[in-house]
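S.K.: Line by line, the protein sequences give chains A and B. FYI, in my numbering the residues of the first sequence are 1 to 459. FYI, in my numbering the residues of the second sequence are 1001 to 1350.
Heads up, some of the hints might be wrong.
Claimed, not checked - If you want the footprint, here are the derived chain B segments under chain A, 3+ residues with CB under 8 angstroms:
1) 1053-1067
2) 1073-1083
3) 1322-1328
Keep in mind the hints are simulated off the structure, nothing from the lab. Virtual Cβ for every residue (Gly too), placed ideally from N, Cα, C.
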Amino acid sequence: MPDLLAARSLMAMSLGFHIIFAVVGIGLPLMMVIAEWRWLRTGEEVYLTLTKRWAKGTAFLFAIGAISGTVLSFQLGLLWPGFMAWAGPIIGLAFSLEGFAFFTEAIFLGLYLYGWRRLSPAAHLGAGIVVAVSGAASALFVVLANGWMQTPRGFRIVDAQPTDIDPVAAMLNPSGLFQVPHMILAAYAATGFVVAGIHAFRLLRDPDNQFHQRAFVIACVVGGVSALFQPVSGDILANVVAKYQPAKLAAFEGQFSTESGAPFRLGGIPDLEQGRLRYAIEIPYALSLMLYLDPHATVAGLDAVPREEWPPVGVVRTAFQIMILAGIWMATVALWGAWLWWRRGSIVRSRRFLQTMVVTAPLGFLAIEAGWTATEVGRQPWIITGVMRTAEAVTPMPGLIVPLMFFGVLYLFLAAVVAWVLFHQIGSSPREEPLRRNRGETRPKELTVRAYGTEKKPE
Amino acid sequence: MNLELIIAGALLIALTFYVLTGGADYGAGVWHLFARGARSRAYRALIDQALAPIWEANHVWLIFVLVLLFTAFPPAFTAIVTNLHIPLTFLLIGIVMRGASLAFRYADVPFGELHTQWDRLFALASLLTPFWLGVAIGTIVGGLPAVSGNFVATYISPWLQVFPFLVGLFTVVLVSYVAAAYLAVEAVDERLIEDFRWRAIAAGLAVLLLDETVLLASRNGAPILWDALTGTAWGAAVQFGTATAGLAAIVCLWQKRFRWARLCIVGQVTLTLWAWAFAQFPYLVPPQLTIYNAAAPTLTLQWLLLALGVGALLLFPSLYYLFRVFKQQAMFGHDDPPPSGEQRRKGGHT
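Kindly generate the complete structure, drawing on both the sequences and the hints.
M.R.: Structural data, given as structure tokens:
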């Protein structure tokens, strides 16, 4: 395996692993804070149980996110020293701000998790809110840095070196500004749907369990509202891509030749030899209409850029389609949920809706992985669009296949243990109808023991 | 004062905080290797209580060091990550293993027999991470000349030397020493306090010994360090200060004045780190890259400094709050004249 490919694979693996935990670190604190707020408002203990359980999940997944994020900050340099030497002074500001956001998140998460008895209820909720906000702020700064790789700004090139560097202009690059809402909404949608799916699964067997009902409703609201806004933010982002990275958009849409009145193509197999998309379902004029609000607008195709500057069309196109389909499906399910709420006043009573939520649960994360693949593979062959090729940035260190294999095994191992821990954490959630304060017949003791996870550890 | 200098100072401060907080967390893990028998359970409880709320925040200092380095001094960062690819990868593996084993331990899942394995992994990773950090630092101070030789000359021989390995060993002992002193303050069980008192004394003696060994080895391994510490007045003063702080710490430990001991140790570690930094001043990566010739453009440094200033206003009160809530007795309390378990336990809950 060539070193460039090994480096790209390793980076992709590290990012693909980290993004899951980063996303949960944004989404889960929000739901945890909502549950705690409900607990303070209503005094229903089931909300407190829920808060503590989500906090437990946040603690664990944030820790994995923190270490996988550390891996990334090292690997940026270990694998792409050419890129970091060039881009460090330009986008380092965004990473510094992200560092502060991460610091804040770590500090207040520590306060939140271990401060139940040491902080006042308001201070505790406040700590939770800081965690949720700084989690989103981390995403903001990291995605702005990523956006700069798509649409580099804030410098001039003189003798192949950046001059007149303006880190703020670099941070406020067009792609980043529109990627940010898309990513944060994605985080809320993906986390909301996966949590909702888990509780829906439990509700199918235990329909009157109030713990799962409350959890399901909060997760559905967070996930559903985000999923409804997501197509809008995606459409705006696609316009930005069309404007600044036409080759990438052409790969997304399977648009091989420049044409006016371009159709929106669903499915199909890209045929690179003949330069066309086979067997696709076409919706006439739809792409031109979506991008430029004009059915006859011209959409640039892959033929507008030299062949060697094409991204890998097959991968990009497939990933993009997966993301679009998953997103549309999630938005549809969210609309269905809204309709249920409006017409029947409850979303926990429809078995069919619960079943659908179980099936939909992983789609948010699938969409995130796919969308991220489309974004980053679509940027190829550039590491900084139009400025530096990925091949120029890679480390001269040979034998990168070795760390690739090693980290591959490491991630598999970590993923297996994470799955096992989550299985246990989720599996120990209360099965019976949990207590409300005015009901004496439930067994609060057992519930609290399980919920707080204080089972006696065997030595 | 130059912007470069201020940011290099911030870099050094961040590294100092990392060694004193994050480093100590690793040191606590190193002592886990020595936890045997019935007391290992009490030890685990102590370390869980001591580390759980703060280890992630402590870890972020390292991220800061990285980010400051690649933002403000990109050529230095590039030189380090390229030539030290292999030891840094080992360092990274240690960080991942240590963090993962802590996360899994705290996940409150009945691992059964596996709990022992996590403990073992935790202890081993806690040992390896500071070692490789020390190797990286030792290699940098020894100098990274731009070589265009073969694989071994570029990627292996710079760090596969006596001096970097000695610095690695020194780092492990140093963080263990810091951890032992912290834990002696935080422990409530009389036997644990005694354990850590003796461990701290032993580690303190080892640090003093290794300090001199590293210095002697630097004559060949890192001449820049040797020249500065033996050939200048401030070098002699720093050596004297470090040795005084080290001896005072041991005396305080002997007399069970743990808070004074901790203060001396913090001073000793800070002096050690700063002696290294000032010895290689103005070089970031000898023999070519200095704070001045590796610095990023002025506008970047200005914005970075602004971000650091504003961020510090946010960060330090938050950190103070964190330590105030969880380390009240340890950070802001006093040594009890007769350290009886009952009184300490009361103190721990205030």
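S.K.: Next, verify each hint and record whether it holds.
M.R.: Now for the hints, and whether the structure bears them out:
no.: 1; hint: 1053-1067; in the structure: holds (count 11)
no.: 2; hint: 1073-1083; in the structure: holds (count 7)
no.: 3; hint: 1322-1328; in the structure: holds (count 3)
Checked against the numbered hints listed earlier, the structure breaks none of them; every hint is satisfied.
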